[in-house]
Structures are given as C-alpha cells and as structure tokens.
Amino acid sequence: MKVDGRSAALFGGGAGAVFVAAAVARFVCPAGCQSCETCVASVAPMGAGLLTLGGVMVAGRAGRRRRADDEAQRNGED
Amino acid sequence: MLHSETLRAPATALRRNRLWRIGAFFIGLVLFYAPFALFVRLLGAAFPGTTVANSVPDVHQVCLRMPITWIVQPWLWPTMVGNPAYLFAILVLPIAAIIAGPLFCGWLCPAGGLTEHVGRVVPDRWKWDLHGPVPLAPLRYGFFAGMLLAPFVTSNICCSFCNFTPMQYFMNAGTGDFRGFMYWSSTYMVTMVVWLIPLGLFTKGGRGWCTLLCPVGALSNLSSAVTGRLPFAVRVRHKESGCKACGKCEDICPPRAVTVRKGTEAEQQSVVVSPHICNACLDCVKACPTGAMTYGRPS
Numbered sequence: 001m002k003v004d005g006r007s008a009a010l011f012g013g014g015a016g017a018v019f020v021a022a023a024v025a026r027f028v029c030p031a032g033c034q035s036c037e038t039c040v041a042s043v044a045p046m047g048a049g050l051l052t053l054g055g056v057m058v059a060g061r062a063g064r065r066r067r068a069d070d071e072a073q074r075n076g077e078d
Numbered sequence: 001m002l003h004s005e006t007l008r009a010p011a012t013a014l015r016r017n018r019l020w021r022i023g024a025f026f027i028g029l030v031l032f033y034a035p036f037a038l039f040v041r042l043l044g045a046a047f048p049g050t051t052v053a054n055s056v057p058d059v060h061q062v063c064l065r066m067p068i069t070w071i072v073q074p075w076l077w078p079t080m081v082g083n084p085a086y087l088f089a090i091l092v093l094p095i096a097a098i099i100a101g102p103l104f105c106g107w108l109c110p111a112g113g114l115t116e117h118v119g120r121v122v123p124d125r126w127k128w129d130l131h132g133p134v135p136l137a138p139l140r141y142g143f144f145a146g147m148l149l150a151p152f153v154t155s156n157i158c159c160s161f162c163n164f165t166p167m168q169y170f171m172n173a174g175t176g177d178f179r180g181f182m183y184w185s186s187t188y189m190v191t192m193v194v195w196l197i198p199l200g201l202f203t204k205g206g207r208g209w210c211t212l213l214c215p216v217g218a219l220s221n222l223s224s225a226v227t228g229r230l231p232f233a234v235r236v237r238h239k240e241s242g243c244k245a246c247g248k249c250e251d252i253c254p255p256r257a258v259t260v261r262k263g264t265e266a267e268q269q270s271v272v273v274s275p276h277i278c279n280a281c282l283d284c285v286k287a288c289p290t291g292a293m294t295y296g297r298p299s
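Heads up: the protein sequence lines correspond to chains A and B, in order.
If you use the working numbering, the first sequence closes out at 78, no skipped numbers anywhere.
If you use the working numbering, the second sequence closes out at 299, no skipped numbers anywhere.
Just chain B, with the same shape it has in the complex (with noise of 0.2 angstroms):
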C-alpha cells in the first residue's frame, strides 16, 4: 500500500465520524429544545400528572444542571425524585458515562457541538488552544465546586451561567419567537458571548465553554474517569504498540484531552488521555493512522 493511501484512510474515517456527530447534534437538537423537545414530550407521556407533563416542552424542562447542584442539598431530593427529568441529569447522564464514557457530551449535546461544528470554519491561528498552559482538570473541577458551593453562600448561580438558554432562544429565533431576547439578563449575555466568542468560535476545537465550564461535562467525566478501569468501562484508550506518537490525536482532539510527548527514541515518546476531559468523540480513534487509539475496554 502506498504511504499516502496509509495515510488517506484515517482522514477519511475522520471526515466520516465528524458528518456522523454533526447527525447526532441534531438528533439532540430535535430531542431537548422546542419545538420539537421530543424527549420532553415522550418523558411527559410517560409520567402524566409531573411537572415534566404540565410544562412547555423545551430545555429548561430536562434541566441538566439545577439538580447536579441539588445534589449536595439533600433538602432538594424529594423536589429531584418527583421529576423524572431531572433524574436524567444525575442518573442516566452519569451511569451512561460509567459505560460509555461521556458520549452525550461529545455527540449530543447541541450547545457543545454548535461552537465545536461552526467553529471548523474559524481559521486555527486566530484561536487559542487551552492545551499545555494550564492543567484544564483542576480548573474544570474547580469551576464544578464552585458551582456546588454558591448555594450555600447565597443562591443557585447555574442558571445564570447556563448556555443551554441562550441556545434554546436561538432555536425559538428561528421559529419566528424572539421573546427571549426581549427578557435577556446581563448573565445570559455574558454567558452567550464567553461560550460562543472566547471559549467557542476562537478556541481550537471549539469545546473551551464544555472543557472549563460546564457541570454537566464535568459531572459525566468524573463519573467516567473514577470508573474507567472497571472492567465493563468502555472508554478512549490508547496501547503502546503501533503508536508513532505523530501528534495527529492531539491535534484533533476537540476538548484538548490529548498530551502527546515526541522524541527519537521509543522511551521518550507517550501518549497520555485525560479521562477528565475526553468526551469520547472518538475523532482521535478515526484519525490515528497505526490504530493506537482504540475505544474499548480495559485489556
């Protein structure tokens, strides 16, 4: 086989599993926000007489981040257990994790894969990488304590910080329904402009906002980074063998969860992924030319 062919097939397989995330960002879409809202509705369905079933169907009715901070408030957990929905957050999102690893995160999520999939189009040298200044775990989990901790000092501040919302008035935008716009907080316009400016369009790989800054990110990839070595846990692995440490799985990794170390000889070299930040996209797998990176379980 010619070198460039060698080379031609993982880029194929890549170009393949970005156009299969960009079907699955809009499954999410139909899913989560109005107007279709569709795992709203069936979840309504499911369950008449909760406030799922009684409420408009969109975002804020599977609301991914009031109940991870209700978590540590155990006054809140009957508040939690009467909405199926929001045990979706901190249930389903994180077993599904413990499996999986975070594929909501890295297929799902709209408001992740707006900023990664439009963000293509930017050209990389007016963005700025988050990785190799600062360690993005500490300052992941960081952020997610935080979050936790301002209740108790005054009030719940994940809505004020929620990009889901600026998304879900997008969405009514294009429907013809401005009336979020109208009743727009300063909180929401700063969230919009550092999720979809600083930490989106102008951050390599489009995933600043989903790195630092989302609780639900950070929640999945705890759960799947303390249970990876379980056997059943299906994660993003990387084996030495075969691996030429070309730096292709760095470059292209989305959150930045990929350091690679190259050097002349074999000891030198390592390729380390973060089970904190990967969002198991599996854009690395699809572009590693030796099959190195491999999405899998423990060996």
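For reference, chain A alone in the conformation it holds in the complex (with noise of 0.2 angstroms):
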C-alpha cells in the first residue's frame, strides 16, 4: 500500500514508543526487584502495543470494507 509520510511518522512513532514503553516501565517500576525479565509488568506495554495494532488493523479493514461497500453501492445508484 502507498503511505504518505504523516501516516509513517504516525505508525513508526507509535510502534517506536512499544519497545521505549517497555523499557521505561522497568524504570519507572516501584517494585525496585530488577526481576524484569520474570515480572509479567514488563511485557504489558508489549502487549498493549501488540493489542493496538491489532484494534488498528481490524479497523483499518472494517473501513476499508466500509468504504468498497459504499462505493459499490454508489455506482449502483448511478
């Protein structure tokens, strides 16, 4: 697909902020136990990233579905 570069900086700045998310929830993190890699706290931003797109791209595709089924339907008319 064509991507313009305010939807690139849009999806890489937000996918970025994933794996940053993820590092600074250890940083910020009050348990102060440095057991990153056990803590299920740790890979929330992950998921919830992981999560995100996945919201994205099922609504990126009800759009897009939206958007065919309109256009079908114009043509109809005309």
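Hints are computed from structural coordinates only; laboratory data are not their basis.
It cannot be assumed that every hint is accurate.
What the hints assert, rightly or not - Stretch-level coverage of chain A by chain B, calculated; a stretch enters the list once three of its residues show a Cβ under 8 angstroms from a Cβ in chain B: (1) 22-34; (2) 48-54; (3) 66-73.
Where a beta carbon is used, it is the ideal one built from N, C-alpha and C, also for glycine.
Two independent chains are provided; combine them into the complex using the hints.
Take a look at the structure:
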C-alpha cells in the first residue's frame, strides 16, 4: 500500500514507542526488584502495543470494507 | 500448449521452491541451533581463545540481536570486534543482503521458517492478513528504532523479545533437555505466544513476527532496500511487460510484500514489491505464470 509521510511517522513512532515504553516501564517500576525478565508487568507495554496494532488493523479492514461497500452502492445508484 | 499446462508449470515450480526452502530451514537448524550448531563450532575452531570458542555451542553464541543494538552504542564496539560471532550479525548478513537481498530471512532462519512452513496446515480463513490495513514498513522500522533506543532509556530489551531463544528451547526439548522451560520467564512466554500464534500460525504467510518485530530482518531489509538500485544488486523485481496483474504473487507472498492493483486497462494495473518487506524467498518468482517477477540485477 502507498503510505504518505504523516501516516508513516505516526505508525513508525507508535511502534517505536511500544519498545521504549517497555524499557521505561522497568525504569519507573516501583517494585525495584530488578526481576524484569520474570515480571508480567514488564511485558505489559508490548502486549498493549500489539493489542493496539490488532485493533488498528481490524478497524482498518472494517473501514476499507465499508468504503468498498459505499463505492459499490454509489456505482449501483449511478 | 493447453491453458491448464501454462498454469500447472508455475504451481510445480512454487512447490519445488518451497521444498528447497524447507531443506534450507533444516540446514539453518543444523548451522545455528544446539545440539548441532555447526556454524558456532566452526567459528570456535577458526577463532580459538575468543568467547565463541569457550562457550556452549548454541544459538546464543551467534546472537544476531545484541550486536545490532550495539551499533548505536559505540562504547560497546570493542566487545563486538572481539567476538567474530557478533560481527556475523552486523557485517555478514547486511553485506549478503546488499548483494543478493535478505536471503537469510527467506531461506535459512529457522524461527521464521517454522511459523511459515508449519502455518501452511492452518486454513487461510482462520488467518489474518497483514497486507492492506496498515503500512507494514513504517511499523517494522518503528519497532526497530524503539529497540535501538531502549538501551538509552534503561536497558537492552532485545533479549526479552527474542524468538530465537524459545526456538532453541524447543530444539533442546527434542533432545530430552527440558531445563530451558524450567527457567522460562514471562517475557519469553509472551514472545513465544505472540511469535507462534497471532503473528505466526494465524497470520497469512506465517511471517508476522518477521515482518513486524524482528530486528535482524529489519536491518537486512534496510540494507537491501537502500542499495537495491546498485548495478550488482540482485533483488526480486517486477517488469511490466507480460504481467497480467493476476494477483498470484500477492496471494502467495509469505511476508506480504507484494501489492497488486487490478484494473480493466493496462494503465490501471500495477504491481509493487516492497523492498522493505520482501525476504527474497522467491515464491512469487516461481509462482508467476508470465515470468514478470524476476530475481536479478536492475535492468
């Protein structure tokens, strides 16, 4: 698909923020146990990011289908 | 020649290509993963006294992720230079990608190959298709940039989200060594689940993790994409002449790199192979009924 610069920056920045958030979560964690590798909380940012990605994809697909339906309806009316 | 024969020939070629790639998948296992880890053993023999020679030979001794994050941390370069296995990730793979495209990803990588080849038994109607709804290249490079930036915030997170480690645990379990699973961390569990299920077996093409979250693939594709117009650069290319925009290449592309726009007129049709996503598996080249997809130098 053709991507304009704004969308690329938005998606790229959002994706990068997922990993940076994963790192920040360790830094700001109040537990301070330094057992990040075995801590469920340390994977939360990645899980949240991937869920967001899934949501965006599902929404994108639904939008594309709706636009196609609208276009087909318009063509039919014409 | 009958019409059915013209269609059957690419199908056979595609099947043969996939069989070759399954063979390459097993070669990748033998080269990089314990108990074989032949590549690690060879490096150890060639460079005695280095870390790779004094370690247990498994996939961790040719870590392909840490050296990539070290590229932006110059104070770690001496560590990298002192270990030939680390140079493999940041020199050999990108140079190979510059010359012939990211062949490692499409052919040799066992972690990517596992989800792709095993994923073929899952019906397509149960899978989601990465192609279309979101731009894949910005997402891929965004995750890559985040992984490179993370060490500057707190710590290196490339080990936490490494899918080569669960793959090694599977190999160890196959030889009766289940210790890896005893020390399995939550990050590895999340990585394994995401890599194998939503972004693996249930993604069309089976390459969701590779396309979005693998830093090795991102670096290889970046090297391949920016040098694609060099006269010696061998890449998957599309030529307009002969192409009927049938969509076969788009349908079978494992990493979802091909976009076909169909139209009634020739001017409305277009086929684009994204150099940022293509992993040079050559499935599209073999499946193309008209020979419009090629693997070669720029014309």
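For this session: Could you tell me which of the numbered hints above are not met by this structure, giving the numbers in increasing order?
Result: Violated: hint 3 alone.
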